[in-house]
Amino acid sequence: MSAAGPVSPRFAVLRPDWLLRGYSDRPGVLANWRTGEARPLAAAGAYVARACDGHTDFTSPIFLPKHQATLNLMLAEGLAEECAYGAELDPRQRFREAPNRYIQYTQWAVTGRCNLRCRHCYMDGPTGRYGELPHDVALGLVEQFVDANVQRLHLTGGEPLLRADFWELAGALTAQRIAIHQISTNGVLLDDEALQRLRDLEADPILHFSLDGVGTHDAMRGCDGAEAAAMSAIRRAVDAGFKVSVTSCLDGVTRDGMLPALDLLTDAGVRSWHVTAPQAIGCWTTASTGLSLDEQAAVCEPILRRWLALGRPMLVTLCGIYAGAPGEYVPPQEPLHRCTPDDLHCGALFDDTAYVMPNGRLIPCPRFIGTPFETALPSLLDVSLSEAWANEGLRAFLGVTKSQVLAHNEECAACDEFGECGAGCWAMAYAASGDVFGRDPVACDLWKSPHRRHLAGIAAGTA
Amino acid sequence: MPIDDLKAFFTKLETDAALQEQARALQGSTDDERVAGLCALAADAGFTVTPEDLSSAAAGTAAAELDDESLRAVVGGGCEVTGDIAPLFGREFLGG
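Taken in sequence, the protein lines are chains A and B. Take 1 as the starting number for the first sequence in my numbering and just add one per residue. Take 1001 as the starting number for the second sequence in my numbering and just add one per residue.
Keep in mind the hints are simulated off the structure, nothing from the lab. These numbers were taken from a predicted model, which means no experiment stands behind them. Beta carbons are placed, not taken as given, at the ideal position from N, Cα and C, and that holds for glycine. All the given hints hold, so there is nothing to weed out.
Simulated coverage check for chain A against chain B, where a stretch passes if three residues somewhere in it have a Cβ under 8 angstroms from a Cβ of chain B:
1) 34-47
2) 57-64
Restraint-style ranges between C-beta atoms, simulated for each label pair:
3) A/139 - B/1036: 50 to 56 angstroms
4) A/341 - B/1030: 56 to 62 angstroms
5) A/134 - B/1025: 45 to 51 angstroms
6) B/1051 - A/383: 48 to 54 angstroms
7) B/1052 - A/202: 46 to 52 angstroms
8) B/1004 - A/344: 32 to 38 angstroms
Same shape as in the complex, but just chain B (with noise of 0.2 angstroms):
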């Protein structure tokens, strides 16, 4: 299925950073040319990308296929810390 080789290929894309790189590097040229660049990108890892998989996919109609997390599982379950007074022990603090 294209569409399962554009999701696997952009889960590549985010956890690669050499392939990030490669990516990168194709924003110098023309919308086409990026395009085609990057279906090149994909082949070479081995995965079939087409320039209609990305329009689809740039469109937003192929996006609840590509991706089902929310935005609270993108940027994380929000703050870990507040920065404001936090407990140094769990239940209490130690004197001292």
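One chain only, chain A, in its complex shape (with noise of 0.2 angstroms):
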């Protein structure tokens, strides 16, 4: 090596956005804390990463021409940059190992509690059924996101703004530096000060909103004012520069509503609409204002055809009936995977993704609230995050394959369908018919329908 002369050391750093993370399956994860981006690594990543100290000379030998090729890659990638020797690197930056399996998304209600009265709501909001937390047990879940490398966290509730600690946990959270990938709110609280405070904490959080239609929305949510308000708020938040995302609950109610908002929305500059129906849990179970999938998909038609002619101005969402990006229309692709019986049940989607109740019980997802299951898994009041991630019952929960699904299903194991409904989500299936093996009846519908074909050929302009 001597006779190739002298080199120059060569020295480099984690960009400040960027910190270093690995897990008990993972050698390490870039996550950035502004953006909740993660590039996970594999160990020759980790070993150039975890070098970019500042004060590792990358023309040692401990580095082979792979190396110095990653982090080339790093550096035009904007993970990295070259420094002189000696530069510092935030210490909350360097590598920390977290003793529980990869988690990268943590959703977490932090209160059960709303300041409307949903007829939808999910969680039982208007009666505050899960409650919230104290102060200090809150906080006390702060530090188990940290110890267990939690990436990035969703903030939802019930109302989370309604907390009235809400910026005192989310200071704690960017203090540690784990991303406030998104907050849930009805807007109603989300005042000029509320964004300022989000600016001032330097989260870049996606502000997902709640509207129920034009004019629609207030006879949804139980409260006069809401619809202004979640209006002046998704503008306000559109202004200030923020991130907008716009879900919107059809039903016999807003359906008339629905079509005015897609204007109002592509007027205020919101970056994605997504309409759907609500789910047969919570507040939802006693509801006789549903939709059937043949009526959802009347109300979509229009508003795909308005959406078009507007120019594709958002990503779409629209029943799970169509789904469009923003711009040029690009003829969409076969599908990169289709389900295979030996696919986990629940997709990669929820093999690094938690989501904390209100009372701190830790379930898969949402559309187990009110289950039997709520109760069966673990409570990050009894154990830690790292722990209950590695609790068998979680684990077989997430383990789960389709081919066990398909087995207890014959209706499904001879579908056609299944390559891209994969035998649908086993919350829906249990809403249904107390059996989390059973028909998801939605998916069902769903994919056995022509409506999904009929809207992709109106976008492609073959129908």
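Hey, can you piece these two chains together into the complex? The hints should help.
Given below as structure tokens:
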């Protein structure tokens, strides 16, 4: 090596937004604490990232050409930057290994209370059924998220801004460099001061609002003035530079307000709009205004046509019948992955995603709120998140494969749509029949209906 | 095969934090001393690695043998999360 002549030392540091984390099943993940972006690393990548500390010379023989190439890629992609010797890395950026498996994303319902009275609330918000944890206990959960290397959080509720200590909790998270990736809110309390406080935290969350149609929102939300407050908050959040997403619940009451909502949200500049039918959990189990899939499709088709006429202004999802990206039309490609019996039934999504209820209970998905599974799974008041994440019951839950579902469900096993439908969602199956391995009637109707193909044809200009 | 030992040593180095600390401590000396020190570290760890092996690896002539992983595999398969709008619950959003 000395024959090659003297080589100038080369040092690098991670860029300030990037943290290096490790887990029992992953050698390293580079996580952006502002955006929530994750870059999983192989062993060689983690080795290089750990050396981006301002003190390790990359010209040392301890690095091979592949390591140099990896460093160059990290530099090119803005994960790291070259520096002079001795540049300091924020201690919070340094490699920190958690004893648990990878947890990328945690949804934390910080309160079960709400200032609206939504007819479809999946958490029984109007009754405050799940309450909220005391301040010191909630701060303890933040420490659990830190210890487990939770990378990003979605703060939800209830109405999260209703918590008196919301900003203290948010500040504790960002101080620990956990990304607040998303906040779901009804917008009533999201005034200009709140938006500024978010900016002051250096967080860049997606703000996710509910707007159940124009002229129909208040009826769904059970409070006069909720629609005006939501629209005002949406506009101010967009104007303040936040990424804004909106969900609209479609039923017999809100159906006439959906098409006008598209124009309003387009004008406001929202990034994505999701029209969805409420699910048969929580308050909605006793509702009588739900629409059939055919009725939902009849609402979605004119929305789709209007969205196309407006030039595809935002990302839209329409009741699972259609999903389209903003901008130029790109013909849909064959699915990258067709479901197989060996797949996890919930998919990879829930293998690294957790949901923490307002009472501290850890469940895989909010669709299981109110089911017997809710109490069968661990509470973070009893065990740490790192321990709970290894809980046998939770692992068994997350480890169920589609083959196990098919073994219980002859109809799905014989269905031609299985490759795309994947036997649906077990929470939906449970809500329908009390059997998680049963038939998911929502997915079944959706995938067997002609509506998906029909709306896709409209978008492609062939129908 | 020396190349097997070289590959195995670097595989261990990439994942062994204590070994990494020892290896990084070599950087203050001359090139020849660093190479000699690294060979000694490898020997202590049970691998036979020569200065010639390291020269070959540094020149890239042994790179293909050392590791066939693509950069994609080294740095991961791209963004799992774009930082932009992402669905909450798989296929659809919940109301609320």
